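Undergrad: Each chain, written out:
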Amino acid sequence: MNRQSALWMLGVAAASAFSPAVLAEPDWRAEAVAMLKRDFQSKGQASVERIQEDSLQTICNTTNNNPPESIATPAMLEQAKTVKYPADGQLMGDWKSGEKIAQSGKGLTWTDEPGQPVGGNCYNCHQIAPKEISYGTLGATLFNYGKLRGGPSAEMQKYTYGKIYNAKAYNLCSLMPRFGHVGALNEQQIKDLVALLLDPESPVNK
Amino acid sequence: MTIRNQQRTVSCGMLAAFLIAMPLVALEAHAETPAVEKDAATLEFERFRAEMEDFGPSGLWEDKGEQLWKTPRGPKNASLEKCDLGLGPGVVKGAYVQMPRYFADVDKVMDAERRIVWCMVNFQGFKEEDLAKQPFAKEGQETPEQTSLVTYVAAQSRDMKIAVPQKHPKEIAAYKIGKEISLYRAGPYDFSCAVCHGADGKRIRMQALPNIATPEGALNTFQGWPGYRMTGGVMLTQQWRMNDCFRQERFPHPKYLSDTITALLTYLTANANGQVYKGPGIKR
Chain A
1 MNRQSALWML
11 GVAAASAFSP
21 AVLAEPDWRA
31 EAVAMLKRDF
41 QSKGQASVER
51 IQEDSLQTIC
61 NTTNNNPPES
71 IATPAMLEQA
81 KTVKYPADGQ
91 LMGDWKSGEK
101 IAQSGKGLTW
111 TDEPGQPVGG
121 NCYNCHQIAP
131 KEISYGTLGA
141 TLFNYGKLRG
151 GPSAEMQKYT
161 YGKIYNAKAY
171 NLCSLMPRFG
181 HVGALNEQQI
191 KDLVALLLDP
201 ESPVNK
Chain B
207 MTIRNQQRTV
217 SCGMLAAFLI
227 AMPLVALEAH
237 AETPAVEKDA
247 ATLEFERFRA
257 EMEDFGPSGL
267 WEDKGEQLWK
277 TPRGPKNASL
287 EKCDLGLGPG
297 VVKGAYVQMP
307 RYFADVDKVM
317 DAERRIVWCM
327 VNFQGFKEED
337 LAKQPFAKEG
347 QETPEQTSLV
357 TYVAAQSRDM
367 KIAVPQKHPK
377 EIAAYKIGKE
387 ISLYRAGPYD
397 FSCAVCHGAD
407 GKRIRMQALP
417 NIATPEGALN
427 TFQGWPGYRM
437 TGGVMLTQQW
447 RMNDCFRQER
457 FPHPKYLSDT
467 ITALLTYLTA
477 NANGQVYKGP
487 GIKR
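Respectively, the protein sequence lines represent chains A and B.
Everything in the first sequence is counted per my numbering, starting at 1 for the first residue and increasing by one.
Everything in the second sequence is counted per my numbering, starting at 207 for the first residue and increasing by one.
Hints listed in this document are in silico derivations from the structure and should not be mistaken for laboratory results.
Because the structure is a prediction, the values reported are computed rather than measured.
Cβ atoms here follow ideal geometry from the backbone N, Cα and C, with glycine treated the same way.
List time: in silico DSS-like cross-link candidates among lysine-lysine, alpha-carbon distance up to 25 Å:
no., chain 1, residue 1, chain 2, residue 2
1, B, K367, B, K299
2, B, K461, A, K37
3, B, K382, B, K367
4, B, K276, B, K339
5, A, K37, B, K376
6, B, K333, B, K288
7, B, K382, A, K37
8, A, K106, B, K461
9, A, K106, B, K344
10, B, K270, B, K489
11, A, K106, B, K489
12, A, K131, B, K408
13, B, K461, B, K344
Covered stretches of chain A (chain B as the covering partner; in silico rule of three or more C-beta atoms under 8 Å from a C-beta of chain B):
no., stretch
14, 34-46
15, 113-127
16, 132-142
17, 173-182
Make a model of the complete structure from these sequences and hints.
TA: Put into structure tokens, the structure is as follows:
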């Protein structure tokens, strides 16, 4: 430490000691995190470790979900590296199975049986096939998703697969879960959802 | 039987009729496709709820809670009439809309249910671990006593303004920490309260999501609780509502009557300050 920075630190320490304004505001986030760690316990498959943030969650939690580009860009690249594309190169499965997965909100709560298939929760937040009118609005509408994007091009399949696998690779603090990254949805399920969105035969694109 | 009770009997009939009619309405709306039809069902529910809440099923638990409050019970054979809910020993009128608040005797902020359980332990000699075993009503099982007590206490604040105190440093701390907790994203799905309840006019499926940071949205988290929930036909409190939100967030399980829940309820309820509480209600 050089002399200048030592003096600066002394100055900060003095200001903290004498200025009530600096002392007054506790670190509420730190207190909240400590409280959460005291108050939660494991139940079923929802183990207490889930209270612990991972590095991405810390970034979003400490920047009001709006990190500066200097942080967001490298962090998104990190997330992109987590996406595992199918070894067989096939990214589109069966849209009919995809519709069932999109309908289901099951999985990962303390009341869900571990090992049972997890749902995609898609309709909770998105409009998808027109027949289903009970859809949420937290996410964008996905009706006509493939039609509006020029059909199931290789590029669009890759983007769609990646987005479902890890939405944070495209928008760091997206509200959407990282379904593939956290192991909620498996490769086949994601393929089926890609088909629901992109297959010209899917009701989404009719 | 009082007039109120007669109305209740009538309303139970209405409730049954509605429960039978409800799936038909939903099915029709489903078959005919346009979203407006389903919205009409939602509007119909709102109208039904407004009518029902004037003399709704929660009255049964209000009465039960009143008996539990006034009858000497427990190992100490005492009533709860010495219980101080913040306005003096035994004062129930207006107490519910002024909690969570700081209680000097425990040097803590407590929400209504936590305080009532504390009184049951302190004055009547019940054991907290017993009361925590099955704290929320389940279909086909008896309603926990504290739920009836909360319903009684809440009913004594009907049509009163929400006025959660923010004077004591611990009350202010509870609010600030509660706000941070509402924003804290964690778990496998990166969810927080605010992920779903952080913007206006959003919904999950057909369920509207109040924005808890706004006075109108915060009121939604308070209004109608404790509430008779038509799913399962049970009476439930805000403690249950917070618990089940964390379940859906894929979080681990919050301990019953924890500081976390009190802090969250302080944040939510204080955000609704100044608005009128309509008393125990009905929830879907």
